[in-house]
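J.: Here is what each chain is made of, one letter per residue.
There are 4 protein chains.
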Amino acid sequence: MTITGIDPLLAAVRGGLTVYDLARPLFVGMPQSPNHPAYWRTLPRRHGDRVRGDGGSAANDMLVMGTHVGTHIDALAHVSHDGLLHGGADAQLACREGGYPDHGVHTIEPMFRRGVLLDIPRLGRPCPGGYEITPADLELAESTQSTPVGPGDVVLIRSGWGRHFDDPDRTRYLGHDTGVPGIGEAGAYWLAERGVHAAGADTIAFERLGPGRGHSSLPAHRVLLVEAGIYLIETMALEELAAVGVHEFTFVLAPLPLHGATGSPVRPLAVVGGA
Amino acid sequence: MTITGIDPLLAAVRGGLTVYDLARPLFVGMPQSPNHPAYWRTLPRRHGDRVRGDGGSAANDMLVMGTHVGTHIDALAHVSHDGLLHGGADAQLACREGGYPDHGVHTIEPMFRRGVLLDIPRLGRPCPGGYEITPADLELAESTQSTPVGPGDVVLIRSGWGRHFDDPDRTRYLGHDTGVPGIGEAGAYWLAERGVHAAGADTIAFERLGPGRGHSSLPAHRVLLVEAGIYLIETMALEELAAVGVHEFTFVLAPLPLHGATGSPVRPLAVVGGA
Amino acid sequence: MTITGIDPLLAAVRGGLTVYDLARPLFVGMPQSPNHPAYWRTLPRRHGDRVRGDGGSAANDMLVMGTHVGTHIDALAHVSHDGLLHGGADAQLACREGGYPDHGVHTIEPMFRRGVLLDIPRLGRPCPGGYEITPADLELAESTQSTPVGPGDVVLIRSGWGRHFDDPDRTRYLGHDTGVPGIGEAGAYWLAERGVHAAGADTIAFERLGPGRGHSSLPAHRVLLVEAGIYLIETMALEELAAVGVHEFTFVLAPLPLHGATGSPVRPLAVVGGA
Amino acid sequence: MTITGIDPLLAAVRGGLTVYDLARPLFVGMPQSPNHPAYWRTLPRRHGDRVRGDGGSAANDMLVMGTHVGTHIDALAHVSHDGLLHGGADAQLACREGGYPDHGVHTIEPMFRRGVLLDIPRLGRPCPGGYEITPADLELAESTQSTPVGPGDVVLIRSGWGRHFDDPDRTRYLGHDTGVPGIGEAGAYWLAERGVHAAGADTIAFERLGPGRGHSSLPAHRVLLVEAGIYLIETMALEELAAVGVHEFTFVLAPLPLHGATGSPVRPLAVVGGA
Chain A
6 MTITGIDPLL AAVRGGLTVY DLARPLFVGM PQSPNHPAYW RTLPRRHGDR VRGDGGSAAN
66 DMLVMGTHVG THIDALAHVS HDGLLHGGAD AQLACREGGY PDHGVHTIEP MFRRGVLLDI
126 PRLGRPCPGG YEITPADLEL AESTQSTPVG PGDVVLIRSG WGRHFDDPDR TRYLGHDTGV
186 PGIGEAGAYW LAERGVHAAG ADTIAFERLG PGRGHSSLPA HRVLLVEAGI YLIETMALEE
246 LAAVGVHEFT FVLAPLPLHG ATGSPVRPLA VVGGA
Chain B
6 MTITGIDPLL AAVRGGLTVY DLARPLFVGM PQSPNHPAYW RTLPRRHGDR VRGDGGSAAN
66 DMLVMGTHVG THIDALAHVS HDGLLHGGAD AQLACREGGY PDHGVHTIEP MFRRGVLLDI
126 PRLGRPCPGG YEITPADLEL AESTQSTPVG PGDVVLIRSG WGRHFDDPDR TRYLGHDTGV
186 PGIGEAGAYW LAERGVHAAG ADTIAFERLG PGRGHSSLPA HRVLLVEAGI YLIETMALEE
246 LAAVGVHEFT FVLAPLPLHG ATGSPVRPLA VVGGA
Chain C
6 MTITGIDPLL AAVRGGLTVY DLARPLFVGM PQSPNHPAYW RTLPRRHGDR VRGDGGSAAN
66 DMLVMGTHVG THIDALAHVS HDGLLHGGAD AQLACREGGY PDHGVHTIEP MFRRGVLLDI
126 PRLGRPCPGG YEITPADLEL AESTQSTPVG PGDVVLIRSG WGRHFDDPDR TRYLGHDTGV
186 PGIGEAGAYW LAERGVHAAG ADTIAFERLG PGRGHSSLPA HRVLLVEAGI YLIETMALEE
246 LAAVGVHEFT FVLAPLPLHG ATGSPVRPLA VVGGA
Chain D
6 MTITGIDPLL AAVRGGLTVY DLARPLFVGM PQSPNHPAYW RTLPRRHGDR VRGDGGSAAN
66 DMLVMGTHVG THIDALAHVS HDGLLHGGAD AQLACREGGY PDHGVHTIEP MFRRGVLLDI
126 PRLGRPCPGG YEITPADLEL AESTQSTPVG PGDVVLIRSG WGRHFDDPDR TRYLGHDTGV
186 PGIGEAGAYW LAERGVHAAG ADTIAFERLG PGRGHSSLPA HRVLLVEAGI YLIETMALEE
246 LAAVGVHEFT FVLAPLPLHG ATGSPVRPLA VVGGA
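Residue numbers (our numbering), protein chains in the order written: chain A, 6 to 280; chain B, 6 to 280; chain C, 6 to 280; chain D, 6 to 280.
By construction, these hints were calculated from the structure, which means they are not laboratory data. Do not take every clue at face value.
What the hints assert, rightly or not - Sample of chain A residues facing chain C (criterion: CB under 8 Å; computed from the structure):
(1) 42
(2) 43
(3) 50
(4) 57
(5) 102
(6) 103
(7) 106
(8) 194
(9) 244
No experiment lies behind these values; they were computed from the predicted model shown. For every residue, glycine included, the Cβ atom is placed at its ideal position computed from N, Cα and C.
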């Protein structure tokens, strides 16, 4: 049995934590890729529909959604290249009875890891649609912030594009015509070389999308998910974290154990102790 | 900026954590209440269905489910009594445009709290179907384990019924004919008096269900969700935690921010530091 | 028992029928209103996923959709005005346990009725976006075609807008910016005075939509569904019928008996005998 | 243009029709196979949720369901044997982008055909669970009723099991433990030899199911769907037709044009003219 007061984690919790929510709210009509089933939530039963004799009543929901909508994590099952998944498994044979038992999102361990926010706009480099964030950008952020990226870290790359999430024009954030900023192949190799555990961004596809190009080519997905086995987290809310200048933190994320799924909606958190 | 090494939380993380997964896996055909839309996950696209010119291919999922299936948390919007939600809001008027903006699951803050497992079978008290776990049982567990329950804690009550989750007879765990063990009204008041923040159990409805009674009366839901404003977590996996004898831990849970929803599937964790 | 050869319907069938399909195909990505859950169809199981010992294998689908997507019929439950449904029922009280038992689509009898196509563009009147088809237009079509509209008929009004259904720009058919042609309040009263049973059109909302106005005002829905109790059929495929010049026919339609629903996807047919 | 009064079909319609509904209502909780996604219908929007300035309000639905639930038709894409679909196509290669473009339910033409009800219990042969309806039974019904079955007909086989559809025990109709009556391999060959276009029954799987055997072997599906290319219609409502003794009629059925789907919910009708 754990003795109260000895557990350093519980002691840290008691010392006070500040929790930053890195998830976007999920609501009908939110910006999302048309490649995935849209988020819908309805109430099959509302209060008053059926009241028990003792005065009790329950309301409940039905959810319909893709696993790559809202803030979500990509499992290794999500992307293949030349017919192979990460580790060399045949992508078609890896699917058994309608799921990916060996590469699904249920295989991702809950994360309690050092997190680093690399805040590119803070460097004075605005990231317009289609801008490719380079290794030089990443390294400048690292050094300016004094937050070197190391093995096992979770790295969150802020382009500032997240400011469009709430735009009344729901297509603005998707950026089909404008493109979307993000890292490209070079940035992906940089992350892979650092040995990060997972990487996230404030955009819908994590990596740079060229204007008018859509998802026709996703080299960073290939490098990270297929070659390096690094998980991707998309559509993150990074504005608050950037506004308060928190660049290093404990990153906490626990995907839903959707057996065999290619991804999961998640609620990632950045947590700071000693508050 | 947070300086590396100063943050006691990050220091605890670096010191090593043991993470116990308290969520059941989500899979088609899993035991769940027929009152809620069943869990379904399918792959609209599999690898090989559409391969881009560069050799890349993506697979993705569609999810359909209720928010009270699998391991999940009940928001205050879930239950009303005599037409009122917790805090006295009119339950029908609280629904706006198909959701509960003030009482929905999106209003539940992520939890990093002291967690206590009250392991009833360990006391030599097996909990058969329909058994009501009493305040005396709860207090005996508290004292035997040296884990007093206090304000703000998250209390998990293990009846041992979770062993039926994997029964090939998917109705066994639901226990319609046998009843299901759990606390009743008295146990609910005991938790409310202790001022706990949330309470969970290894059963489908958290509280005791009488044999053949189904969900016809749910007094603990009324006391906890409506009267006391205490969240409930159902269908938890508590067997591993019990097997290793961990009774006190940091409880971590972050519901999906499903705007206006009455509940959310979750992946709760029990975490122990200094491992 | 019916004696073969005596039944005039069966005799007509044996004499040969020409069947015109008035339904649009249902496919993922088809044009539809964002007000309704999008059509999705996936295969939870494909051939080869699970092969029985005897060599047999089954594939199956999951559907997710609104009931007002694709070619569909509006039940009287769909629209209310000043809180009342057709016949004066209170629209909120008419909903019981999440459905409309008295006004739902299950109350619509299958139709075998005289159908009339009023082909407006054939009159030399192209119908651009936002064009209001007037009673004068309807009467000119009636007389030119020698197809007077009478009580109990089903009237299909072709604006020609259906040609945009297959436009690669999926928003073209919706016509948000351009508006969509159709009848307005005056045309609706004209149909109601003729005593038609149901009315359909080749557009997404049956009636005229003003440029940039969306569904902010739907007077023909009010007149027909609420005041007159006339069913509406939307997103019909009328191009083939117009091309071959068939203006009078047997109209056949059988909604799915979705208990309590506000509408149903349908496959309406125009059938001509003696072919 | 068709001249009014000449069309024999329209003349038959005007002469009066009696329409028998052969579809079961679709409602949440109805009996259905657990192999398929369950039917759910909810109202994302109810009257009063959002009222426009002019007093108008719309309610709408979300549907979730398999295509083999409720009264439905099986397309040729549904079943394969030894890796082949009807006509010899490779069942795995026949699936393209998540659907069956060549064998899907959208390829089934709307049916206006002679229909024959073969009413087995009327012969004094009750059909208990697991009873196999033999070719001799079918021929006795044919001759007793004076309704010979011929090429292109649609044959509906009534076992009487449909009386269990409304049983409060929703598993009764499924008949897992009791078995379900129906034709077997011999009956299937009999239908194939007669050259029927489609065949239906009042049970969930069309063919006989042995007690406790479930769907482990479905020889009639193989013979009809794979070998003979004959469509199957399941979970039909045949009680009313039998009660009034109508054994020959015009059978009308139009599947939803669900592109690439393995089946479709349908509302089949038996229609008699000259009423």
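J.: Hints first: check each against the structure and report whether it holds.
T.: Going down the list of hints, with the structure as the test:
1. 42: holds, 5 Å
2. 43: Interface hint status for residue 43/A: holds (5 Å vs cutoff 8 Å).
3. 50: holds, 6 Å
4. 57: violated, 13 Å
5. 102: holds, 5 Å
6. 103: holds, 5 Å
7. 106: Nearest chain C Cβ about 13 Å off; hint violated.
8. 194: violated, 34 Å
9. 244: violated, 26 Å
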